[in-house]
Amino acid sequence: MAQTRIPAVFMRGGTSNAIVFHRKDLPVAETDWPRVMLSAMGSPDPNGRQLNGMGGGISSLSKVCVVGPPSREDADIDYTFFQIGVTDDTVDTSGNCGNMSSAMGPFALEEGLVPAPAASEAVVRIHNTNTRKVIRAVFPTKNGTACVEGDFILDGVAGSGAPIRLEFLDPGGAGTGRLLPTGRALDSLDVPGLGPVEVTMIDAANPCVFVAAQSLGLTGAELPDAIEADALCLQRLESIRRAASVAMGIAGSEAEAAAIPSIPKVAMISPPQTAPTLSGRTLAPEDFDIGVRMISIGRPHRAVPLTGGICLAVAVRTPGSLPHRLARVAPGAIRVGQPSGVLQVDADVAAGDDGTIVARHGAVYRTARRMFEGHVLIPG
Amino acid sequence: MSDLRGIPFVFMRGGTSRGPYMRRSDLPQDEATLSAVLIAMMGAGHPLNIDGLGGGNPVATKTAMLSRSDDDWADIDYFFAQVAVDKKLVDYAPTCGNILSGVGPAAVELGLIQPADGTTTVRIRMVNTGARAESVFEIRDGSPVYAGQQSIHGVPGSAAPVELRFMDTIGSRTGAMLPTGHVCETIDGVDVTCIDVAMPMVIARAEDLGITGHESSQDLDADAALFARFEPIRREAGRRMGLGDVSDKVVPKFGVIAPAQGDGAAAARYFMPWKTHPTMAVTGAQCFAACLMLPGSVAAGIARMPDGAGNGDAPFVIALEHATGTIDVTMECRVTNAGLDLRSAGLMRTARMLARGEAMVPNHLWPE
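Residue numbers (our numbering), protein chains in the order written: chain A, 501 to 880; chain B, 8 to 375.
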């Protein structure tokens with residue numbers, strides 16, 4: 501039997517790549533999608549290489565995006581993310597991929613799903629159906645296509661490209677229902693073995709608790725290996741995290757908090773300073789606006805996860821918070837110094853009608869590019 | 008004008024490799040510009056090739072450039088380029104037998120040839136090395152057939168067979184199948200056959216080296232005494248084969264042959280030569296198969312052969328067992344009083360077109 505041709509675009513988004521399909525080009529019955537997506541990626545492959553498809557044998561190279569007309573009025577497109585198993589046949593829609601989200605704006609523009617902008621900047625409102633959240637993509641264009649060339653450097657991608665600003669709308673209260681779960685931008689937590697510690701507990705994209713590295717006797721310029729080797733520091737950060745979990749209403753007790761290690765995330769922050777990076781490059785104080793060392797499930801993160809970056813951006817823009825106090829105030833995006841280099845984030849935070857703080861969006865920056873356009877071929 | 012330009016391509020798996028196949032005429036002619044375009048296309052210079060079509064593995068950063076051949080014999084010229092993974096480099100020196108599996112079908116898909124329906128034979132000249140091969144596969148409704156029952160090691164499932172017949176393999180480097188003039192000789196007390204079919208090899212019986220020939224590549228690599236035993240034999244054989252002092256050369260290769268462990272014709276292990284090949288080299292497989300058919304060689308009589316093998320009437324298949332599977336070698340040969348009359352040695356591979364369209368590269372790399 502001849503192979504089935506399905507129109508497809510293969511794109512890099514941030515530090516991932518994926519096949520992007522139009523919803524209309526996929527089988528009408530969504531139950532047929534897993535077979536199509538698995539075949540297109542060359543999965544499952546017991547050898548773990550996906551040589552018989554477009555995959556690259558690793559999760560960041562085994563992704564599929566489906567784009568269709570919007571199902572809500574405040575969006576231009578619907579976008580669904582599928583994580584495709586490499587050695588197994590899983591097709592997982594439980595989460596979004598922030599990296600691939602950055603490719604959706606250029607895709608929508610170049611496929612004619614949104615009109616070409618009159619000016620040299622496009623705004624595409626992306627409804628991610630996995631998370632039921634709207635993401636606004638803002639990116640430079642020329643002649644109706646997304647710019648690819650640019651000066652923006654994204655860690656993890658060689659060279660530079662045109663920046664794509666991804667605004668995650670209304671990120672407040674993602675885990676707890678409230679942007680400031682304690683009602684305050686600054687709290688003092690009584691941490692066992694440490695005493696009172698000043699923290700900011702904030703819930704934007706993901707609940708996080710921020711503590712000054714100095715409160716733990718560190719500079720905040722330490723690299724992940726040094727933090728990992730510092731058992732006392734890790735233990736104190738976990739104590740802070742558990743106390744925050746209770747204070748934020750995520751867990752009823754510290755014992756319960758210990759059983760929910762994924763949220764809140766805990767991070768040490770520091771003012772701009774001279775700081776080494778994992779690549780060996782040294783950051784100067786003027787290279788970034790705030791330093792962060794984030795802990796992910798008990799281990800120091802080598803960078804900043806997307807949700808953590810958004811949460812930090814919202815915190816920096818929230819008056820009275822610890823990140824607001826420690827960060828340099830500068831025009832434009834917030835430059836976050838982290839172990840892998842500098843990450844740009846931003847947020848729009850304002851006082852609501854009733855005087856409470858509202859996060860309108862948290863933003864990250866990525867680059868993307870189209871790597872091929874045409875068809876993928878599916879056996880049978 | 009967009010920042011990107013498209014280059015027509017078909018993206019194929021060929022054997023256990025993968026990459027874009029393009030018309031040579033759709034790419035820059037000068038090598039520096041060509042390299043820049045291929046590096047960008049594949050995303051070379053990054054461990055995951057995140058910004059290109061590569062898959063973070065040298066078997067997934069290969070490219071093929073095809074054109075109609077002006078050679079009297081060949082239909083298609085196949086120019087191979089191995090793009091590096093984490094370096095911005097392109098190597099035009101080698102060819103690739105796996106990517107070769109996709110060349111015939113890709114030449115059809117790219118409109119370079121229009122074979123009639125049925126079994127077709129495409130004659131291919133490998134531009135990088137000058138080697139020649141025939142590719143035999145099915146055409147239906149004007150297009151290559153991809154679905155089929157042929158399995159190859161390293162690729163899940165099955166697909167339509169692509170038979171590759173390598174030509175001019177006799178005396179590939181030495182000019183003769185038996186460059187020492189002997190079908191079997193003794194070096195350091197071990198019987199060997201010094202044979203040059205596709206690759207010069209020194210082949211010995213496993214039992215003569217105190218192994219079974221059924222060991223895993225890891226076990227063999229751990230056996231320092233084995234390497235110490237055969238390396239002097241290989242060096243002396245290299246001298247006798249006219250290859251000079253081969254102490255720091257990877258050719259000739261060393262191979263061991265043994266009775267089959269499973270359903271194959273025989274078991275073979277291939278040394279590169281200071282490390283055991285994890286499976287089997289395409290070239291080595293042809294050399295082993297010829298040795299098995301060669302009367303009087305160290306391998307004669309070891310293999311289970313199909314009826315009529317070597318009578319010259321029809322091609323037949325020798326299934327060689329390697330450490331993790333088998334590889335099928337299709338032989339067209341006749342055993343004569345003078346030895347072995349080998350027309351071609353071939354391999355059963357498969358290919359699949361995975362995608363087609365235009366591969367996008369930055370415009371500024373290739374200004375016109």
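Since the hints were made in silico from the structure, they are not lab data.
Be a bit skeptical, because a hint or two may be false.
Per the computed footprint, the stretches of chain B lying under chain A, defined by three or more beta-carbons under 8 Å from a beta-carbon of chain A, are [to be verified]: (1) 12-19; (2) 51-59; (3) 63-75; (4) 102-113; (5) 252-266; (6) 359-372.
Just a few of them, taken from the derived set where beta-carbon distance is under 7 Å, the chain A residues facing chain B [unchecked claim]: (7) 545; (8) 547; (9) 548; (10) 645; (11) 747; (12) 875.
Beta carbons: idealized from backbone N, C-alpha and C, even for Gly.
Here's how the hints hold up against the structure:
1. 12-19: holds (count 3)
2. 51-59: holds (count 7)
3. 63-75: With 4 residues closer than 8 Å to chain A, the stretch 63-75 of chain B meets the three-residue bar; holds.
4. 102-113: That given contact is violated, which follows from only 0 residues of the stretch 102-113 of chain B lying within Cβ reach (below 8 Å) of chain A.
5. 252-266: violated (count 0)
6. 359-372: Our answer is that it holds, as 11 residues pass the Cβ test (under 8 Å) against chain A, meeting three.
7. 545: With a minimum Cβ separation of about 5 Å from chain B (threshold 7 Å), the hint on residue 545 of chain A holds.
8. 547: holds (6 Å)
9. 548: Interface hint status for residue 548 of chain A: violated (10 Å vs cutoff 7 Å).
10. 645: holds (4 Å)
11. 747: violated (40 Å)
12. 875: holds (6 Å)
Comparing the model with each numbered hint stated earlier shows that hints 4, 5, 9, 11 do not hold.
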